[in-house]
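Asker: Here the protein sequences line up with chains A and B, keeping their order.
Sequential numbering from 7 applies to the first sequence in the working numbering.
Sequential numbering from 690 applies to the second sequence in the working numbering.
Hints listed in this document are in silico derivations from the structure and should not be mistaken for laboratory results.
Just so you know, not all the hints are guaranteed correct.
Stated by the list, open to error - Residues of chain A clear of chain B, computed beta-carbon distances all greater than 12 Å:
hint	residue
1	LYS66
2	MET111
3	ALA145
4	ARG239
5	GLU281
6	GLU299
7	ARG319
Stated by the list, open to error - List time: in silico BS3-like cross-link candidates among lysine-lysine, alpha-carbon distance up to 27 Å:
hint	chain 1	residue 1	chain 2	residue 2
8	A	LYS331	A	LYS256
9	A	LYS11	B	LYS977
10	B	LYS818	A	LYS11
11	A	LYS8	B	LYS723
12	A	LYS331	B	LYS967
13	A	LYS8	B	LYS1395
14	A	LYS98	B	LYS1395
15	B	LYS1395	A	LYS296
16	B	LYS723	A	LYS312
17	B	LYS1395	B	LYS967
18	B	LYS1384	B	LYS977
19	B	LYS723	B	LYS818
Claimed, not checked - Have a look at the derived ranges for each label pair, beta carbon to beta carbon:
hint	chain 1	residue 1	chain 2	residue 2	range
20	A	GLY332	B	LYS1051	41 to 51 Å
21	A	LEU50	B	GLY753	47 to 57 Å
22	B	THR1277	A	GLY332	46 to 56 Å
From the three backbone atoms N, C-alpha and C, an ideal C-beta is built for every residue, glycine too.
Listed below, chain by chain, are the residues.
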Amino acid sequence: MKPFKFISATNPGEAIDMLSNNAEAAFLGGGTNILDLMKEHVALPNEIIDIGNLKLQEIKATATGFSLGALAKNTETANHSLIRSNLPMLSKAILAGASAQIRNMATNGGNLLQRTRCSYFYDISMPCNKRMPGSGCSALEGFNRMHAIFGWTENCVAVYPSDMAVALSALNATVKVQNNNAERYIPFKDFHLLPGNHPEKDNSLTHSELVTAIEIPKNNFAANSAYVKVRDRSSYAFALVSVAAGLNLKGNVIQFANIAMGGVAHKPWRALKAEQFLKGKPATTANFLKAAEAEMVAAKALSHNKFKIEMGRKTLVNALELALKG
Amino acid sequence: MEDSKKSIGKGIDRIDGILKITGKATYATDYPAKNMAYAVLFKSTIAAGQIKSINSTEAERYPGILKIITHENAPKLNTKGGLRGGALLQGPEITFHGQHIGIVVAETFEQATAAAHLIKIEYNQKEEKIDFEKLAQTPIMPKGKELADLVRGAGKLAMETAEVKVEELYETPIEHHHPMEPHSTMAVWEGDKLILYNGSQIINGAQTAAAATLNMKPEQVRIISPFIGGGFGSKGGQWANLVLTAVAAKMVGRPVKLALTRQQMFNSVGMRQRNMQKLSIGATKEGKLIALAHETISHTAVDDEYIEPCGDCTKIMYEVPNSLISYRVVPMNLILPTYTRGPGKSTGSFALESAMDELAYKLNMDPIELRIKNEPSKDPSNGKPWSSRTTVKCLKEGAKAFGWEKRKSKPGTNKIGDDLVGYGVACGTYPARQRDSSAIIKLSLRNKLVYATVEIAASDLGTGTNTILAQTAADGLGLPIAQINVKLGDSELPPAAGSVGSVGASSFANAVNDACIKITDELLAKSGKQFFVRPTAAQLMVSESITDFQTRSDSKAPAEAEKYSAHSFNANFAEVRINSITGMIKVTRFLAVTGAGKILNPKTARSQIIGGNVWGIGMALTEESIIDPRYGNFATRSFADYHVPTNLDIGRLDAMFINEKDLIPNKMGVKGIGEVGIVGVAAAVANAVFNATGKRVRSLPITPDKLL
């Protein structure tokens, strides 16, 4: 690990000042990803700003929905009665991620900011545009079984690893961000980025910004939602494919469906084509299948992940069936 | 002694359990030393070629750096001293990606790690030999004599006359040992004597290899290894890190600690090699085998050979008049493969026992019935009688306990909701051997109580060796366990075999048992008295008021054992549940029935067996290391990429032992359980997957994508 200075912030303003003053500084939340990246020499901050003392742990109902403190732990969030009863999809998604030990340490804000687990990104002897812009993408023609089928470019085929964020995407969450002067709200669809020509940039935060909360609007998905994750083992494995689905039903007719996929793209992949197809249609297996097929049309496999297209289709249908069953 | 009073055969708790759970057990790097320095290895980032230049100027200026050691300043070592895997910094040649090319020694581990990143290396790269699939088209004959083609009867030609045939290719990937304790060494020089604290499965082997490599005499090197955090074969032979730590300590004139990182473990301490196994079975319509061929292609290092013997089970499992076992090999720019739990047998049994299941299906016969039908009355490979063989018992008792009759013979017909349920069975075997070992017993009488110390340079991998030795001594001397102190894991103790190849328990326990008999005989002689009932050593110490007494015994396998074929046998039963939509698999129940002679401690034995089962389930479902053929490195390089099973993947595990008394392989009738626990496991799971889904997966691991 490269030596670094360790400082602690007592309030958000101070934390942001500290970060603004040093382009090579990084925040420390739960530390479940940044420390790994530092040990592997992937992240090389010269200063670590501990934000653990900031009062950003609250999970609460608001006038318009729910607010998750950026520093609330994943475990606490998933098990919170408000979340379990109102947003079961989110609770399930969080519990499908990582391991119990990691969830106990990981913060909600940190979860959003975790970096890809592409093994070439982690191996500093390999080219990687995300780690070292311009060096090339090793995964494009390498071992890319875990990699993207949507939205990738020749610059980067990595996937974003979070489960929690897949549910947040389906739930139309907003990320509340504070910077030197003001607060701003970033709609979830704009928070994480596709790789384009700048895979080094995972999200739309600027260096001097701090995520303070995640806000989720009220919804009626509690009775008809699901999170399905397919992975190589039952715990502590990233998704091959995952699907978060919520149905808003009137009788058997889908008023609207919110669907997001994980393990398939550089960001939580909102299945807009499937959603569009399902709008106003009866909730039947036949329609679920057509919706999934409509979504998967745009999928483009790499050499080792062709299975993700079929798996994505099946998992999408499965998630919708489970959501319908409630 | 009455059985009820004996300690052997009781499932007592480990005598070191409290030490371990309270963190007081001392592993290699847990020892304190004054003025300690820390070493970190740096590794090549090419797979083949030469180091052109090493620029360490910047690293040398880094705070706390004591020494940077590369082939340019390393002392000359004996590369044929018995260490495995090369990488001893003896020249600029690179033969695999991740080869050690230098050591940074610093005041702290962090300084050494940070400075290692500042070293700039230039290479002259050669084209690497790494693409196994391509190279496997043109393999060569291995050098090892035991790997020569073994043909019986008409060999594979007899396949032509078979009425029913299975001819399939089975593939198993590279796997890693990954013991919980990474390979770690602490080296302390005392004049021209060297102490190496190092987890070693073979204490005397580590001593002789380290001494020979360092051009020293064995008595100048002491290995201390009382506790080992697992090894699974990777701490059997020793690797460069052992000696490089000593080199570093010598060069800085201070004690040095060196611990491999988990990432470095992937390419520093061997691995299980990838195997392509062609299995051919020919049978009559009634299910009698008439031909059996097992042809394996593996890879090895470019400058050394290790091949796991995949055909070993096939040699002895079934009665068949015509057979062929063959090995071919591909030298590759990859670290030398090495012994990995159930070497050859675990991977070989996947091919053999999958093929037997395929044959049973073709014959429309129960797979248990097929196996029993082809049970050999003597060892088919050498004609020797079995010392005992429990395969049929394991199958029959296991079938009853597992509820085999509930298995649906038609695949894909057992459905619960979205889940498919399947049952699978597979057999396994592993040789039972005793190796030369010596033990000293020291008795003392203090305040009317007799205490015993057992000394033996055995090793305890974490399996409970010192507990079974305490039990053996307790019974042999007539003492309670609490009055016995077992000293092992030190090369200054009487020499012993290693905890490898399932020889540990039989070799160590027989040595201790022999020493108990000998010390009792000697005390009897010393007393000069005649007894109607033979007294125990403890009783004699008291009755004769002897304060201190000791003896040493040097034990060997009985000569008679050579005339027989002695093995442990098992039958494995798996129940899997597979989500028919997502392809995710859970092993809901697993039962291993093992005939392994005398079970010294059923509790530690059960742990050994279910540990082997979990390994086998990992082999079946999750474990795989992938090489990127463009670079020759592993694309799987952490536990996030290299998956071992988690608790959630596995349901109930049960271990049953066949009650057998077989005193032919050794006096205590101990056959060994460390290896056999994994043999046949992967096939049982794969066969259950077929039974559940109708899909035959012949390439491990069986990940969800293969079941779509």
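Asker: Could you run down the list of hints and mark each one as holding or not?
Answerer: Evaluation of the provided hints:
no., hint, in the structure
1, LYS66, "holds, 32 Å"
2, MET111, "holds, 16 Å"
3, ALA145, "violated, 9 Å"
4, ARG239, "violated, 5 Å"
5, GLU281, "holds, 21 Å"
6, GLU299, "holds, 16 Å"
7, ARG319, "violated, 10 Å"
8, A:LYS331 to A:LYS256, "holds, 14 Å"
9, A:LYS11 to B:LYS977, "violated, 73 Å"
10, B:LYS818 to A:LYS11, "violated, 44 Å"
11, A:LYS8 to B:LYS723, "holds, 26 Å"
12, A:LYS331 to B:LYS967, "violated, 47 Å"
13, A:LYS8 to B:LYS1395, "violated, 42 Å"
14, A:LYS98 to B:LYS1395, "holds, 26 Å"
15, B:LYS1395 to A:LYS296, "holds, 24 Å"
16, B:LYS723 to A:LYS312, "violated, 57 Å"
17, B:LYS1395 to B:LYS967, "holds, 20 Å"
18, B:LYS1384 to B:LYS977, "holds, 25 Å"
19, B:LYS723 to B:LYS818, "violated, 46 Å"
20, A:GLY332 to B:LYS1051: 41 to 51 Å, "holds, 45 Å"
21, A:LEU50 to B:GLY753: 47 to 57 Å, "violated, 19 Å"
22, B:THR1277 to A:GLY332: 46 to 56 Å, "violated, 26 Å"
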